[in-house]
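As a plain string of letters, each chain reads:
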Amino acid sequence: MSFILRRLGAIIPTLFFVSVMIFGLQQLLPGDPAIAMAGEERDPNVVAYLRGKFHLDEPLHVRYGYWMKGVLAGDLGESVRIQRPVASLILEKLPVTLELAGLAMVIALVIGITAGIVSAVYKDTWVDYVANVFALWGLSTPNFWLGILLILLFAVKLGWLPASGYVSPFEDLGENLKSMILPAFVLGNALAAVLMRHTRSAMLQVLSSDYVRTARAKGLDERVVILRHALRNALVPVVTLTALQLGELLSGAVLTEQVFSIPGFGKLIVDAVFNRDYSVVQGVVLFTATAYIVLNLLADVAYVLINPRMRA
Amino acid sequence: MKKPFAAALAAALLAIPASAQTLRIGLAEDPDVLDPTLARTFVGRIVFAGLCDKLVDIDKDLKIVPQLATSWEWSGDQKSLTMKIRQGVTFHDGEKLDAAAVKFNIERHKTLQGSNRRGELAPVTSVDVVDPHTVKLNVSAPYAPLLAQLADRSGMMVSPKAAQAAGDKFSANPVCSGPFKFVERIAQGKITLERFPNYWNKAAIHFDKVTYEPVIDPTVRLANLKSGQLDFIERVNPSDMPALKGESKIKVAKAVEIGYQGITINIGKSDLSQKTALKDPRVREAFEASLDREAIVQVVMDGEAVKGNQWVAPTNPWYAKDQPVPKRDLNRAKALLREAGVTNPSFTLLTATTADAQRIAQVVQSMAKEAGFDIKIQVAEFSTTLNMADKGEYEAYVLAWSGRADPDGNIYNHLVCKQPLNYSGYCNADFDKAINEARMISDPAQRAKLFSQAASLEHRDRPIVYLYHRQWLWAHTNRLSGYRVIPDGLVRLQDMRIK
Numbered sequence: 001m002s003f004i005l006r007r008l009g010a011i012i013p014t015l016f017f018v019s020v021m022i023f024g025l026q027q028l029l030p031g032d033p034a035i036a037m038a039g040e041e042r043d044p045n046v047v048a049y050l051r052g053k054f055h056l057d058e059p060l061h062v063r064y065g066y067w068m069k070g071v072l073a074g075d076l077g078e079s080v081r082i083q084r085p086v087a088s089l090i091l092e093k094l095p096v097t098l099e100l101a102g103l104a105m106v107i108a109l110v111i112g113i114t115a116g117i118v119s120a121v122y123k124d125t126w127v128d129y130v131a132n133v134f135a136l137w138g139l140s141t142p143n144f145w146l147g148i149l150l151i152l153l154f155a156v157k158l159g160w161l162p163a164s165g166y167v168s169p170f171e172d173l174g175e176n177l178k179s180m181i182l183p184a185f186v187l188g189n190a191l192a193a194v195l196m197r198h199t200r201s202a203m204l205q206v207l208s209s210d211y212v213r214t215a216r217a218k219g220l221d222e223r224v225v226i227l228r229h230a231l232r233n234a235l236v237p238v239v240t241l242t243a244l245q246l247g248e249l250l251s252g253a254v255l256t257e258q259v260f261s262i263p264g265f266g267k268l269i270v271d272a273v274f275n276r277d278y279s280v281v282q283g284v285v286l287f288t289a290t291a292y293i294v295l296n297l298l299a300d301v302a303y304v305l306i307n308p309r310m311r312a
Numbered sequence: 001m002k003k004p005f006a007a008a009l010a011a012a013l014l015a016i017p018a019s020a021q022t023l024r025i026g027l028a029e030d031p032d033v034l035d036p037t038l039a040r041t042f043v044g045r046i047v048f049a050g051l052c053d054k055l056v057d058i059d060k061d062l063k064i065v066p067q068l069a070t071s072w073e074w075s076g077d078q079k080s081l082t083m084k085i086r087q088g089v090t091f092h093d094g095e096k097l098d099a100a101a102v103k104f105n106i107e108r109h110k111t112l113q114g115s116n117r118r119g120e121l122a123p124v125t126s127v128d129v130v131d132p133h134t135v136k137l138n139v140s141a142p143y144a145p146l147l148a149q150l151a152d153r154s155g156m157m158v159s160p161k162a163a164q165a166a167g168d169k170f171s172a173n174p175v176c177s178g179p180f181k182f183v184e185r186i187a188q189g190k191i192t193l194e195r196f197p198n199y200w201n202k203a204a205i206h207f208d209k210v211t212y213e214p215v216i217d218p219t220v221r222l223a224n225l226k227s228g229q230l231d232f233i234e235r236v237n238p239s240d241m242p243a244l245k246g247e248s249k250i251k252v253a254k255a256v257e258i259g260y261q262g263i264t265i266n267i268g269k270s271d272l273s274q275k276t277a278l279k280d281p282r283v284r285e286a287f288e289a290s291l292d293r294e295a296i297v298q299v300v301m302d303g304e305a306v307k308g309n310q311w312v313a314p315t316n317p318w319y320a321k322d323q324p325v326p327k328r329d330l331n332r333a334k335a336l337l338r339e340a341g342v343t344n345p346s347f348t349l350l351t352a353t354t355a356d357a358q359r360i361a362q363v364v365q366s367m368a369k370e371a372g373f374d375i376k377i378q379v380a381e382f383s384t385t386l387n388m389a390d391k392g393e394y395e396a397y398v399l400a401w402s403g404r405a406d407p408d409g410n411i412y413n414h415l416v417c418k419q420p421l422n423y424s425g426y427c428n429a430d431f432d433k434a435i436n437e438a439r440m441i442s443d444p445a446q447r448a449k450l451f452s453q454a455a456s457l458e459h460r461d462r463p464i465v466y467l468y469h470r471q472w473l474w475a476h477t478n479r480l481s482g483y484r485v486i487p488d489g490l491v492r493l494q495d496m497r498i499k
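Protein chains in written order, with this note's numbering: chain A, 1 to 312; chain B, 1 to 499.
Check before you lean on any hint, since a few could be wrong.
As the list claims (entries may be wrong) - List time: in silico EDC-like cross-link candidates among lysine to aspartate or glutamate, alpha-carbon distance up to 16 Å:
1. B:LYS418 to B:ASP390
2. A:LYS53 to B:ASP168
3. B:LYS190 to A:GLU92
No wet-lab data here; the hints were simulated from the structure.
Let the hints inform the model, and build the full structure from the sequences given.
This is how it looks when you write it as C-alpha cells:
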C-alpha cells in the first residue's frame, strides 16, 4: 500500500515537469502565434486581440500560470481555430484513433504471426524467401506512399473500398469497417513485418529445442507440435514486443490519418501544430503524457501484485 | 418478361425526385470557425457560399450583382450607401431578415471581439434603418470598395436572435439565410448542410443535402472523385490535369484567380533594405528582366497559370493594358547591372516550405543566375516566413495573395505606406495619393485610370515583382451541371444539379 502511495506521490512532480516541458517546447515553435492565427488579412486589431486573449504579451511564467490554473480546474482551453473545447475534441478523436490502432494491431498479428510460423516451419524453402521478401518490403515501404497506391488500386481501379474518410461505427458498422480497412492495413503493415521476423526467429529457436524433439519422437501430429507446443512458448517475446509496439502504432497513425483524411487524434495534433492552435497542442500532449504516466504506474502496480519480491 | 421489368425499373429510377440528392464536395483544407465575422480561411468561404447569403454577390466579370439587397445607390456626396433589402427573406431559424437585421450584422462585424471584418468595414461609421426594407450605410469618407466587401464575408447576414443567444459559441451552430442550413460538423471531418425549405431562391436549388469534406492530399482528393465518393473537388493538382483530359466521367473547370503570386522585395521595411544589393532600383529592374515568366508558369504550375506583372491578371477587367507583361531580356539585365556597378549581386530569397513557392525560388534562382545574380534560397515554415517578413528580416520573399474582388483589396494593405501587409516597406506619396483617390470615386473608368497610374509607379519602384496568376482548377463528375465559374474560386450551389 505504501508503495502505491509513494508511486502516486511521484506522479505529481513528473506531471509538473512534463507540463513545463510541453509549455516550454511550444514556445520554441518559430513564428508569432498571433500572426499565424490571424489569417491571411492579419488585421492588426485581430492580432492584438489574439495576443491579449492568449496572454502572449506577458512573461512566460505568467502565461504558464494561466494555463495551469485552467488545467487544474479541468479546463484544457479552447481551440481558436474552430472554437471547440479541447477536452471535447480529445474525447471525440481518441476512439477513432484507438479503433484504427486496434484494427491495425489485429491485421499485424494475423499476418505477422502466420507468416512467421510458416517461414520458420518451411525454413530455407521458397515459402520462407517469399515471406522474408514480404517482411523486408513491409519494413521499407513508406506509409503514405503505400496508402496512396492502395487507394488507387482498391478505390479507383476496383471500386471496392472508399478512397478516404471515416464513418462512425454507431452510424454504420459495415461502412465503418470498409473505411478503416485500408488505413488499418497500411498502419499494420510495418508492424506485421516486425512481428513476422520475431515470430520466425523465436519459432526457429523453439523448434530446435529438446522438448519439441521429444514431442515429435512421441509421434505427435506435426500440427499439434507446432501450434500447441512450439508456438505457445515462441509467442512470449512476441507478445512483449506487441505491447511495446502499441505506442509506435499510435504515432504511426498520425501520418496514416493524414493520408486517409480520418478525423482522429493524430490529425488533430498535426493540424493544431500547423495552425498554431496552442491550446489544442498543449492539451493533447498533456493528455497523452498523463495517459502514459498512468499506464506506467498501473504496470508497476501490476508487477508488484504479481511479484511480491518487488514490494521492498 | 425482361423488358417490362427493365421499363418498370427505369420508371422507378426516374420517379426518384431529382432533388433527393446529396452533393459531396471535397475541400483542400479544413475550414476554420463557421462564423462570418470571425472566419479567416478561403475554404471557409466555400462553405459559407452554401450556408450564408450576402447582401450582394459578384459575377464572372467581377461585377456586383444583387443577392439579399435588390438595389443600391450612393448618395451624391458618396458618403452613404442606401440599399433595398429583399422582401420575404427569413433566416434558418425563421427570423425575419430586414433592415434591422442588416444593421445588427454590420455592427456585429464591426464590434465583435476578434472580428476579421473590422478592417474591411472600418470606413462605415453608422447604419441607419430607413424603413423595414431599406438600410443606409454611412461612411466617414467615400469608399468605393465597400460594395465588393459586402460581396464577401462582410456582407453575410446571420440571425440576430441566434447570434445574441449563442454569444461566442455561434460557430457551433451557425444560423444564416443561405440555401442550406447547418446540420453538423465533425471537427477536421465532414460538414453537413441540408436544404433550407424557405430559401428565397429555392427554385435554383436542386440538392437535399450538401457535404463538405476536407481531403488534404490532392491525389487522394482526386481518387475520391474518380471512385465516385465525391462529386466535386476544388484545387486539382496542375500536374494531374493532362491525365484528366482522357477521363470521360470527369469534367474540369478553370478560372484565373483574382489574386497573384509574386516576389516581395524589402525596399524600406528595415535597415536591411539599405544594405541589400536590391536597394538599387537598377538591380531590381535587372532582376525582373532576367525572369522568363512564361517558363516559370510552365515549370512551376505545369502551364496552369497566367503570367502577369500587376496585382490583377491580364484577364481581369482592372488590368492596366497599357503596361503589358515584359519579355525576358538578359542583355538588358546585364547592361543594367554593369550600369549599377554590381555585375554579380547576391541576395537571399526567402520562401515558405510549400511546393509551389519552393519551385518558384529554384526556377528564379537559375534564371537570374544567367544575368549574374547569385541568389541563396532560405526555406522556412510559412508562419515563420511571415514573421520574418513582418520584421523586415529578409531581402526578397516569395509570397502569394488570394485576392479580393475589388483591386483595392490587392493593393491598399500591401503597398500603401505603413499598412499591415506592406512587407516591402514601400512608401511613395504619389502612389498612396492615387490609391486613396481611387477609393473615393465610384466611376470605374476614373478608378481604372488611377490604378494604371499607380501601376506605373509600382513598375518603376518594384516593391513587388508580380509573376503569375494561378488558375482555379475544379473537377467534377460529368453528371453534374450548372457550376458557375467565378474568379473568386467559390462554389455557388444555385443552379447546380446532378443527373
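How the hints compare with the structure:
1. B:LYS418 to B:ASP390: holds (11 Å)
2. A:LYS53 to B:ASP168: With a Cα-Cα distance of about 13 Å, the restraint between LYS53 of chain A and ASP168 of chain B holds, given a limit of 16 Å.
3. B:LYS190 to A:GLU92: Answer holds: LYS190 of chain B to GLU92 of chain A is near 14 Å, not above 16 Å.
In the structure shown, no violation is registered for any of the earlier numbered hints.
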